[in-house]
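Can you build the whole structure from these sequences, using the hints too?
Chain by chain, the residues run as shown.
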Amino acid sequence: MSTYTASLLADVGILTLGALSVYVILATGQLSLGNAGFMAIGAYLASYLTVVAGVPLTSALVIAALCSGIIGVMIGFPALRLKGIFLAMATLGFGEMIRSLFLNLEITGGAGGFHGMAHVSVTYVWIWVGLILVLVWLMESSRAWLEMRAVADDETAANLIGLNTTMTKIGAFGMSAAVAAVSGGLFAHHHVYIEPGNFGFERSIDFVLAVILGGSTIGAGSLVGAALLVLLPEQLRALDDWRPAAFGALLIIVLLIRRQGILDRSLLRRFTFRKQAA
Amino acid sequence: MLAIRGLGVQYGAVTAVREIDLDIREGEIVALLGANGAGKTTIARAIAGLLPFRGEISFRDQVLKPNSAEHNLRAGISLVPEGRGILARMTVEENLLMGIYCRTDRRAATADVGQMFERFPILKERRSRLASLLSGGEQQLLAIARACLSKPRLLLLDEPSLGLAPKMTDYVFSMIGNLRSEGLTIMLVEQKARQTLKFADRAYVLETGRMVISGTASELAGNAAVSEAFLGGGTKPPHHAN
Numbered sequence: 001m002s003t004y005t006a007s008l009l010a011d012v013g014i015l016t017l018g019a020l021s022v023y024v025i026l027a028t029g030q031l032s033l034g035n036a037g038f039m040a041i042g043a044y045l046a047s048y049l050t051v052v053a054g055v056p057l058t059s060a061l062v063i064a065a066l067c068s069g070i071i072g073v074m075i076g077f078p079a080l081r082l083k084g085i086f087l088a089m090a091t092l093g094f095g096e097m098i099r100s101l102f103l104n105l106e107i108t109g110g111a112g113g114f115h116g117m118a119h120v121s122v123t124y125v126w127i128w129v130g131l132i133l134v135l136v137w138l139m140e141s142s143r144a145w146l147e148m149r150a151v152a153d154d155e156t157a158a159n160l161i162g163l164n165t166t167m168t169k170i171g172a173f174g175m176s177a178a179v180a181a182v183s184g185g186l187f188a189h190h191h192v193y194i195e196p197g198n199f200g201f202e203r204s205i206d207f208v209l210a211v212i213l214g215g216s217t218i219g220a221g222s223l224v225g226a227a228l229l230v231l232l233p234e235q236l237r238a239l240d241d242w243r244p245a246a247f248g249a250l251l252i253i254v255l256l257i258r259r260q261g262i263l264d265r266s267l268l269r270r271f272t273f274r275k276q277a278a
Numbered sequence: 001m002l003a004i005r006g007l008g009v010q011y012g013a014v015t016a017v018r019e020i021d022l023d024i025r026e027g028e029i030v031a032l033l034g035a036n037g038a039g040k041t042t043i044a045r046a047i048a049g050l051l052p053f054r055g056e057i058s059f060r061d062q063v064l065k066p067n068s069a070e071h072n073l074r075a076g077i078s079l080v081p082e083g084r085g086i087l088a089r090m091t092v093e094e095n096l097l098m099g100i101y102c103r104t105d106r107r108a109a110t111a112d113v114g115q116m117f118e119r120f121p122i123l124k125e126r127r128s129r130l131a132s133l134l135s136g137g138e139q140q141l142l143a144i145a146r147a148c149l150s151k152p153r154l155l156l157l158d159e160p161s162l163g164l165a166p167k168m169t170d171y172v173f174s175m176i177g178n179l180r181s182e183g184l185t186i187m188l189v190e191q192k193a194r195q196t197l198k199f200a201d202r203a204y205v206l207e208t209g210r211m212v213i214s215g216t217a218s219e220l221a222g223n224a225a226v227s228e229a230f231l232g233g234g235t236k237p238p239h240h241a242n
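Chains as they are written, first to last, in this note's numbering: chain A, 1 to 278; chain B, 1 to 242.
In case anyone wonders, no lab produced these hints; they're calculated from the structure.
In this text the structure is predicted, and so the values were computed from the model without any measurement.
Even glycine gets a Cβ: it sits at the ideal position worked out from N, Cα and C.
Hints may be right or wrong, so weigh each one.
Unchecked claim - Which residues of chain B face chain A? A few of them, derived with a C-beta cut under 10 angstroms, are:
hint	residue
1	R89
2	C102
3	R129
4	L133
To be verified - In silico negatives: residues of chain A with every beta carbon more than 10 angstroms from chain B:
hint	residue
5	M1
6	A150
7	I161
8	L163
Here you go:
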């Protein structure tokens with residue numbers, strides 16, 4: 001596999017994880033525009049642990065995910081008071097706050113960035129992507145996921161059937177932050193150099209876009225959305241200066257045709273049935 | 001079974017209900033009547049634990065706290081809210097499964113879901129359909145079935161006939177009668193006073209957040225002032241508390 005192809009595939013994997021982090025939180029009806037902040041926490045913490053403390057990468061990623069998850073829970077509590085666009089704005093503020101923090105934090109290199117990480121292969125990236133996709137897939141058929149969907153559907157009704165909506169929403173925040181942190185840790189160790197600019201608002205928007213484009217009702221939609229967002233611009237290179245315009249137009253066309261995103265449960269079911277019939 | 005003393009609820013600066021005293025005994029159907037904005041729904045939601053309130057609500061000798069819906073459900077109070085409160089983006093079956101969420105006897109609870117399908121064949125027919133695609137009457141059945149699956153001791157029904165065709169309203173009321181005959185205690189919040197009083201044992205009448213009259217259903221049905229104000233006999237409301 002060429003370096004170019006490997007790099008693209010790794011980017012698809014990393015974006016898939018970022019999109020899954022948004023998907024998990026979206027399942028409870030909350031929109032986060034600040035997941036790049038959690039990605040930054042994961043990227044810097046995992047890198048610091050491997051480079052300075054000499055912790056093996058897998059352990060560093062697990063530690064980073066746990067720490068980011070705890071921060072996610074802490075952020076989740078005040079965020080409970082907010083809904084819709086107000087929650088989106090608050091999470092956006094959180095993301096920018098984290099970016100500014102790393103911009104001024106000397107210990108992680110400040111604006112100059114952080115380096116020294118050992119490069120990880122695309123296979124390692126995809127092992128993590130596979131694990132987390134399976135985890136999300138298992139969750140989707142669990143009782144916990146049913147609770148999350150109920151909270152997203154109607155919070156009052158969810159209360160009336162005895163759901164602890166607070167715990168459900170905070171749990172989703174925690175899991176989302178942990179997945180974003182893994183994405184960040186892998187990003188740092190694949191690109192071997194990170195700087196605060198890698199984790200700006202645009203990164204959070206990419207995550208949300210991948211979920212909306214790929215399909216926000218099923219975890220595998222994040223994979224489809226991420227693949228499209230990474231690979232499509234590469235296919236349009238022949239258009240030179242017209243590439244961004246063509247890319248934007250294609251995205252609009254896709255969303256006009258498939259408002260629910262490219263992949264949804266009925267499409268997946270149809271595909272599975274056909275496969276079974278064959 | 002349920003005793004309310006001095007209940008008051010405010011929405012910001014607006015007082016929705018004040019100084020409400022109300023009792024419900026085991027096995028009764030108690031109706032809460034009144035015009036729009038009288039405070040009926042507020043009382044039901046306060047009992048269910050969805051609102052902050054002043055005063056005291058005790059259920060089976062247990063004092064209920066404000067904003068404690070999960071606890072109240074486990075204590076045996078289930079509310080079918082106005083507008084039904086179904087989970088629109090879930091299937092009929094998933095909605096019913098959510099009804100047994102609070103139960104610890106998982107095996108019996110799952111069997112109860114099956115029994116609920118036998119009891120309401122229309123829900124069985126539509127089990128894989130999204131709840132949002134059901135008719136209003138079917139949604140109401142689903143909401144009541146889901147509430148019953150939590151094995152409540154007190155079922156609060158808020159405007160169960162709202163928006164239903166007359167035939168469906170009759171069916172829902174007959175179902176409420178069946179539930180009572182199975183021993184369930186019911187508080188029925190309704191605007192259709194005449195029909196409600198045929199089913200209820202006792203009733204309370206509310207007007208702009210205050211209890212204005214209470215008594216047995218037959219007393220209220222025969223009360224000229226109530227009849228005039230709430231049963232279509234006139235427009236002047238009564239102004240005496242019982």
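Against the structure, the hints:
{"no.": "1", "hint": "R89", "in the structure": "holds (5 angstroms)"}
{"no.": "2", "hint": "C102", "in the structure": "holds (3 angstroms)"}
{"no.": "3", "hint": "R129", "in the structure": "violated (13 angstroms)"}
{"no.": "4", "hint": "L133", "in the structure": "violated (14 angstroms)"}
{"no.": "5", "hint": "M1", "in the structure": "holds (41 angstroms)"}
{"no.": "6", "hint": "A150", "in the structure": "violated (5 angstroms)"}
{"no.": "7", "hint": "I161", "in the structure": "violated (5 angstroms)"}
{"no.": "8", "hint": "L163", "in the structure": "violated (6 angstroms)"}
In this structure, the earlier hints numbered 3, 4, 6, 7 and 8 are contradicted, and the remaining ones agree with it.
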